[in-house]
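Visitor: Sequence:
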Amino acid sequence: LLDLRAKGADVRALYSPLEVLEIAKQNLNKNIIFFAIGFETTTPMSALLLQKVIEEKINNVFFHINHITVPAPVEAIMNDENVKINAFLGPSHVSVITGYGIYEPLAAKFKTPIAVSGFEPVDILESVLNIIKQSNEGTFKVYNQYKRAVSKEGNVKAQNLVKKYFRVCDFEFRGLGLIKDGGLELKEEFSAYDASKKFDCTVQSKNESKACICGQILRGLAKPYDCKVFGKACTPR
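According to the numbering used here, the sequence shown is numbered sequentially starting from 55.
Worth flagging that the hints you see were computed from the coordinates, not collected in a lab.
Backbone N, C-alpha and C define an ideal beta-carbon position, used for all residues, glycine too.
Hints are not guaranteed to be accurate.
[Said to hold, decoys possible] Below, computed lysine to any residue pairings styled on SDA-like, alpha-carbon distance capped at 20 Å: (1) 138 to 250; (2) 165 to 141; (3) 138 to 276; (4) 111 to 73; (5) 234 to 73.
[As the list claims (entries may be wrong)] So the derived label-pair ranges between C-beta atoms look like this: (6) 82 to 137: 50 to 56 Å; (7) 106 to 183: 29 to 35 Å; (8) 279 to 223: 50 to 56 Å; (9) 135 to 176: 33 to 39 Å; (10) 218 to 257: 38 to 44 Å.
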């Protein structure tokens with residue numbers, strides 16, 4: 055997208071997905087494609103945008119959905135017989151939406167402690183301490199350290215909004231390959247808003263660099279500084 059913008063294409067970074075509504079109204083002679091990305095944290099806003107587009111009968115907004123989920127890639131990683139991961143710090147913002155209950159099947163299945171942590175240093179230290187205690191005691195539970203923001207059920211209203219417009223689908227992850235139920239797509243009844251169908255385009259997978267070891271890092275088999283291109287040709291942010 056940055057390359058296209060450099061060549062003159064109208065590519066904009068938005069603070070809020072709802073900004074699309076005003077852009078669409080100001081450009082009625084143009085088709086607006088919203089490139090939706092992110093885990094469960096950002097998905098409700100994409101769903102809300104679609105709801106507003108439908109309610110306001112805006113006909114020039116289309117969605118390119120690239121939303122992904124947390125549990126599926128975690129399960130894919132842990133299913134690898136060579137994985138070297140002993141515990142997880144659960145994602146804070148994601149858990150506000152999903153609730154910490156979604157991690158309980160993972161903790162039980164893989165006998166791996168999971169601590170949902172806040173962002174402050176003391177939050178992380180407390181979460182790590184709990185993981186160490188669980189490891190020493192031989193327990194495998196989900197510890198909710200971030201109680202001030204995360205509940206077991208999560209934001210049910212946001213979850214229901216997502217369920218109204220999206221369904222799970224397979225998704226290709228960098229370093230992990232195609233993961234079953236790893237992503238989301240628009241339900242068939244909302245396919246008229248699907249940019250890939252509207253413009254009859256398919257997304258082609260980009261070949262990963264042979265120097266890339268993301269998959270090994272995600273499985274705990276290597277550290278970022280083991281990668282020859284980390285911080286050089288590869289600068290993830």
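Visitor: Sort out whether residue 276 lies within 20 Å of residue 138, counting only the CA atoms.
Guide: Given that 20 Å is the threshold and the Cα spacing comes to 9 Å, the pair holds.
Visitor: Compare the distance between the alpha carbons of residue 111 and residue 73 with 20 Å, and conclude whether the hinted pair is satisfied.
Guide: Given pair residue 111, residue 73 holds - Cα atoms ~16 Å apart, limit 20 Å.
Visitor: Indicate whether the distance between the beta carbons of residue 82 and residue 137 respects the range 50 to 56 Å.
Guide: Holds, since residue 82 and residue 137 (Cβ atoms, about 52 Å apart) stay within the stated range.
Visitor: Given the range 38 to 44 Å, decide if the beta-carbon distance of residue 218 to residue 257 lies inside it.
Guide: 24 Å, violated
Visitor: Within 33 to 39 Å or not, the Cβ separation of residue 135 and residue 176?
Guide: Cβ of residue 135 to Cβ of residue 176: about 36 Å, so the range 33 to 39 Å holds.
Visitor: Hint says 50 to 56 Å; check whether the CB-CB distance for residue 279 and residue 223 agrees.
Guide: 34 Å, violated
Visitor: Quick check: does the Cβ-Cβ distance between residue 106 and residue 183 fall within 29 to 35 Å?
Guide: With a Cβ separation near 44 Å, residue 106 and residue 183 fall outside 29 to 35 Å, so the hint is violated.
Visitor: Holds or violated: residue 165 with residue 141, Cα cutoff 20 Å?
Guide: With Cα atoms ~9 Å apart, residue 165 and residue 141 stay inside 20 Å; holds.
Visitor: Quickly compare the C-alpha distance for residue 138 and residue 250 to 20 Å and report which way the hint goes.
Guide: With Cα atoms ~38 Å apart, residue 138 and residue 250 exceed 20 Å; violated.
Visitor: Quickly compare the C-alpha distance for residue 234 and residue 73 to 20 Å and report which way the hint goes.
Guide: 32 Å, violated
The structure fails hints 1, 5, 7, 8, 10 (numbered hints given earlier, in ascending order).
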